[in-house]
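What follows is each chain in one-letter form.
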Amino acid sequence: MKETYTFTVNGVERTTTEDKPLLRYLRDDLHLHSVKDGCSEGACGTCTIIVDGRAVKSCVLTTKRAVGKNIVTTEGLSDREKEAFVYAFGSKGAVQCGFCIPGMVMAGKALIDHVPDPTEEEIKVALKGNVCRCTGYKKIIEGIQLTAAILRGEAQIEPDLEKGDVYGVGQHAFRLDVREKVLGYGEYPDDVEMEGMVYASAVRSKYPRARILDIHAEKALALPGVLAVLTADDVPNNKVGHLQQDWDVMIAKGNITRCVGDAICLVVAETRAVLEKAKKLIKIDYEELKPVTSITEAMAEDAPKVHSKGNLCQSRHVTRGDAKKALAESKYVVTQTYKTPFTEHAFLEPESAVAFPYKDGVKVLSSDQGVYDTRKEISIMLGWDPERVVVENKLVGGGFGGKEDVSAQHIAALAALKVNRPVKVTFSRQESINFHPKRHAMEGTFTLGCDENGIFTGLDCEIYFDTGAYASLCGPVLERACTHSVGPYCYQNTDIRGYGYYTNNPPAGAFRGFGVCQSEFALESNINLLAEKVGISPWEIRYRNAIEPGKVLPNGQIADCSTALKETLLAVKDVYESNPGRAGIACAMKNAGVGVGLPDKGRAKLVVHDGKVELYSAASDIGQGCATVFVQMVAETTGLGKEQIVNKGANSEVAPDSGTTSGSRQTLITGEAVRMASADLNKDLQDAGGDLTKLEGKEYFAEFFDPTDKLGADVPNPKSHVAYGFATHVVILDEDGRVKEVYAAHDSGKVVNPISIQGQIEGGVLMGLGYALTEDFPLKDGVPQARYGTLGLMRSTQIPDIHAIYVEKEELLPFAYGAKGIGEIATIPTAPAAQGAYYAMDHVLRTKLPMENTYYSKKQKAVK
Amino acid sequence: MARVRKKKVAVVQCTGGCRRQTEISKASGNGCQQILETKAGTVSCEYGCLGGGSCIEACRLHAIYINAKGAAEVDPEKCAGCGLCAKACPRSLIRITDAEYNIYSACVSEDAGAQTRKNCETGCIACGICVRNCPMGAVSIENNHAVIDEEKCIACGMCAMKCPRGAIRDYNGIFTVREAQVGS
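Chains W and F supply the protein sequences, listed in that same order.
Going by our numbering, the first residue of the first sequence is number 1, and it counts up by one from there.
Going by our numbering, the first residue of the second sequence is number 1, and it counts up by one from there.
Simulated from the structure, these hints should not be mistaken for lab results.
Hints are supplied without guarantee of correctness; some may be wrong.
To be verified - Only part of the chain F face toward chain W is listed, based on derived beta-carbon distances under 10 Å:
1. E46
2. P135
3. M158
4. V177
To be verified - Here are some of the chain F residues that sit facing chain W, going by a computed Cβ distance under 8 Å:
5. V131
6. M136
7. G137
8. I141
9. A155
10. G157
11. F175
Beta carbons: idealized from backbone N, C-alpha and C, even for Gly.
Make the full structure from the sequences, and use the hints.
See the structure below:
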C-alpha cells in the first residue's frame with residue numbers, strides 16, 4: 001500500500017500520498033493561495049506558514065516530514081487575529097505590493113504567540129527570513145507591533161479608518177487593497193484557477209551565445225499529458241520589444257542565442273509535474289560560441305555582433321552652452337571615472353500570466369506595468385489588431401520597472417491559442433532572474449568644474465551602459481541618465497555623451513530611477529571633491545548651486561513654482577552638520593512624466609453605476625498605491641467616501657489607456673485626468689443636490705496632456721518634463737561604519753497619502769542602500785551567478801533608522817492637486833549620500849558600487 | 001500562552017550515530033574525562049560525543065540527557081543557554097547559539113567522508129549537498145564537515161531537509177525529528 005501522510009491544516013485533518021513540498025500541497029491541492037510562491041528555494045519567505053507554533057517556509061518542508069504536525073496558514077487565523085492584522089497593517093501602511101504580506105503575517109503571528117509584547121529588535125529577528133522589497137520593513141514592523149497591542153487589548157481597531165468616509169487628498173487613507181493582501185485572498189496571476197487550465201513553460205538557453213543546431217522534442221511530445229511543444233516556427237511574428245522590436249520570442253533553429261534567458265521552445269502540458277518532466281526530455285543541440293560579456297568587448301571592432309545591425313544599441317548627445325570652454329576657464333575641475341553594477345529588481349512575485357481564448361482573440365491576466373503595452377507587444381507578435389487582445393491586471397507583486405517588458409504574457413497567449421485552452425505561465429525564480437531586464441551597469445567619466453565660490457560652471461561626461469542582450473528601454477533610460485547627470489542645479493554648459501551597448505549579458509532596461517541612479521551617483525561624488533577644493537562643506541556647495549523657482553536648469557527648463565530643493569536641503573542641514581566625519585549628503589531630481597515631446601497622456605473615465613462611481617483608468621498599480629491615490633482624487637473632488645467609489649482596475653477592454661507605470665508619472669499624469677473627470681462629475685452632482693443616484697448611467701471622460709519639448713528643441717528654454725521631484729538624503733554611519741540613520745527629505749509636491757509616501761520613501765531608501773552597499777549581480781561569461789538569496793537584498797535585521805521627511809510648499813503645480821510623484825526619486829540620492837558618508841569617515845573615494853571596503857563588504861568577505 | 005523569551009540555547013554537535021561498542025558507565029560526574037583517560041568504551045569516532053554525561057552533571061536545569069543513541073541531547077525548552085555544559089564537554093561539542101538559529105550542523109568530524117561513513121550512521125561526509133541547496137550561500141565545508149555561517153543563515157531549514165545523512169538538525173524538531181520525539 002502507498003504511504004500516506006497525515007497532518008492538520010487550519011484545524012482540518014488532511015491526508016496525501018504525494019511526497020512534495022508543503023507549499024505545492026497547500027497551493028495546488030488545498031487551494032490555500034495566501035501561501036505565496038516567491039522562490040521555492042527557502043530564500044524569500046513569502047510562503048511562510050506556522051508549523052507546531054513555529055514560522056516555517058512551506059517550500060522547504062515536505063508533506064512527508066509534516067506528518068502529525070499542526071499547520072496554520074493565513075486562512076486559518078481566528079477572526080480576531082485577522083481583523084487585528086488587517087487594521088494594523090493598513091493603518092501603519094505596511095502593505096504595498098502585498099506579495100510578502102501573508103508570509104510576514106504568519107512570521108508575526110508565530111512571534112506574537114510566543115512573545116505577546118515583542119520589541120522592535122525581536123520583530124526584526126523574527127522577520128529575518130522574509131524579504132520585502134517595497135516597504136523597507138519599517139512599516140511592517142510597526143504593523144506587527146500594533147497587531148500585538150490590539151491582541152493584548154492595549155490598542156483598539158478604529159473601523160472608520162478602513163471605511164474611509166473621509167478619503168480626500170492628504171488624508172490618512174487606508175489603502176484599497178489592504179484586506180485582500182493581508183489575508184491573502186487577493187489574486188495575483190499565479191493564484192488564478194480556471195476550468196481546463198493547463199501549464200506552459202519555456203526551455204531556455206544553456207549558453208548566453210550559442211547557435212541552435214537542432215531541437216529534439218519527440219520524447220517530450222510522447223509523454224502523456226504533453227499537449228504541444230512550440231518553437232519559433234509557431235510564432236506569427238517572432239519579434240517583440242517594449243520600444244524596439246529586437247527580442248526573439250524564441251530563438252529559431254539555426255539562429256544564435258543572445259543570453260541565457262532566451263527561450264528556445266515552449267512546452268504545454270496538463271499539469272505542472274508533467275511540464276517539468278517534459279522540459280527535461282527536450283534535447284537541444286548547441287554550437288557554443290564565445291559570448292560578448294562587457295562594453296569593452298562589445299565596442300571592439302572585431303566583436304561578434306549580438307544583433308545584426310551592430311552592438312551599439314542607443315546613443316544620445318545632450319549639450320547646451322560650451323562645456324569645453326567653461327571647464328577650461330574654471331578655477332577648479334574634477335574628473336573621475338565611476339562604475340556601477342547591474343541590479344536585479346527582485347520583486348517578490350515572479351512573472352506570471354494566464355491567457356485564454358476570448359471573443360475573436362485572446363485575453364491575458366497579467367502582472368505588468370501597463371496593460372496597453374502588453375497588449376501592443378502581444379498584438380505585434382500575433383500580427384493582429386490590438387483590439388483582439390485584451391489584457392487585464394491582476395494584483396501586481398512588485399515591478400520597479402522590471403515588469404515593463406513582456407515576459408510570461410506573450411508566451412501564455414501563444415500557447416493558449418495553440419491548445420485552445422486557458423494556459424498559465426509562471427516563471428521560476430531563477431528564470432525570472434535570468435530573463436527580465438536589470439538596471440543597466442554603467443561605466444562613466446565625469447568632469448565637473450566650478451569657480452572660486454563653488455558655483456558650478458560646466459559638466460562634461462561620457463556614459464557607457466551595458467544593455468545586455470536586448471534594447472528593452474535602453475533608449476529612454478540612457479536618455480534620462482544623460483539629462484539628469486547634471487543634477488538639480490543651475491549651470492548652463494553641458495556636454496553629455498551616452499552610449500548603450502548590446503552584450504550577451506542579461507538584458508537591461510527600466511529600474512526605479514531609470515538611469516539616474518547611475519549618473520547622479522557619479523555627479524554627486526564629484527561635487528564632494530569640488531567642495532573640498534573650494535574649502536566649503538558638501539552641504540554648502542549644494543545649497544549655493546541648488547535650483548530654485550524661476551532659475552534655469554542645466555537642460556534649459558525654467559524651474560517651476562513648486563520647486564523645493566532648497567527646502568529639502570534646509571530640512572537636513574542640522575542633522576548633517578551635527579554628525580561631522582560620519583555623514584554624507586546628496587541631492588537628486590527626477591522627472592515626473594515621460595516628457596521630451598512625447599504624447600504622454602493620462603485618461604480616466606468615471607461611470608455612475610448602482611449608486612457608486614466606477615473609475616476606469618488603465619494605470620497599473622504595481623504596489624506603489626496609485627489605485628488608492630486615484631480614488632482619493634475622486635473623493636477630494638466630489639466629497640464622496642471610499643465606499644462610494646470603485647476602482648475597476650487596469651483592463652484594456654473597458655478602461656482607457658493611461659500609459660505605463662513608469663517615470664513616476666501615475667500620480668500626476670493619471671491623477672490629473674481623474675481629477676478632471678471628477679470635477680465634471682461633481683458639477684452634475686452639485687446640480688443634482690448631491691444625490692448620486694440621479695446621475696445613474698452617466699459617464700465622464702477626461703484626458704490630460706501637458707505638452708513638452710523634445711530633446712534638443714530649438715527654443716531658449718525647452719520644457720522637458722511636466723514636473724520634477726527633488727530630494728536631499730543624509731546618510732549617517734556609526735562607529736563601525738554601519739549605516740545608522742538615513743534622513744530623506746523630499747519635495748514631491750502635495751502629499752496625497754502621507755502614510756503611503758513614507759513607505760515609498762523608506763522602501764526607496766533601503767533599495768538605494770542595497771545598491772550602495774550590498775547588492776550585486778555577478779556574471780560569469782554572461783551567466784548570472786546570484787540566486788535570490790545571494791543578491792544581497794537588505795533584510796529586516798540590517799535596516800537603519802530611516803526618517804522620511806516631506807516638504808510641502810504653498811506654491812504647487814496646477815495638476816493633480818499639486819502632487820508630483822515619489823516612485824523613483826526615493827532611490828536615487830541614497831547611494832551617493834552613503835558614498836559621501838564613507839568619504840567623510842575615512843577619506844577613501846569609492847568610485848564603484850557596491851562600495852568596497854565597508855562594514856558590509858567586510859562582512860561578506862569574512863564569511864566567504 | 002506566553003513563553004519566556006529565549007536568547008541563547010545549547011546544541012550538541014553530534015547525534016551519536018557511530019555504533020558504540022561498549023556501554024559506558026555514567027556514574028562519575030567526570031564521566032567523559034574518565035573515558036578519555038582510560039580509553040575504556042570509547043566511541044569509534046574520535047570527534048563524537050563520548051556519552052559520559054559531564055554535560056549532564058554540569059547542567060543545573062536538567063536540560064540535557066543521553067539519547068537512545070548514547071549521545072547527549074539538549075531539551076531546548078529547558079535550556080537557558082548558560083554555557084556550563086559547553087565548558088564541561090572535553091571535546092567542545094556543545095555550542096551556544098542564538099535561539100532563532102534552530103538549524104545546526106550536528107557533526108564536527110574531521111575524518112574524510114569515507115571514514116565517517118564507516119564510523120557513523122549520521123556523520124557528515126562532506127558531500128556538499130547542503131552547500132548547493134542553501135539559498136543564502138551560508139553553508140560551507142570546513143575540515144570535512146558542514147559549517148553554517150549564522151551571519152548569513154536565515155534558518156530556512158533547506159540544508160537540514162536535503163542532508164542525506166541527517167547530520168544537519170533542527171532543534172525545534174520540525175525539519176528533522178528530535179530523538180526525544182521518536183520516543184526513546
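Check each numbered hint against the structure and report the violated ones by number, ascending. Checked against the structure, the hints that fail are numbers 1, 5 and 8, while the rest are satisfied.
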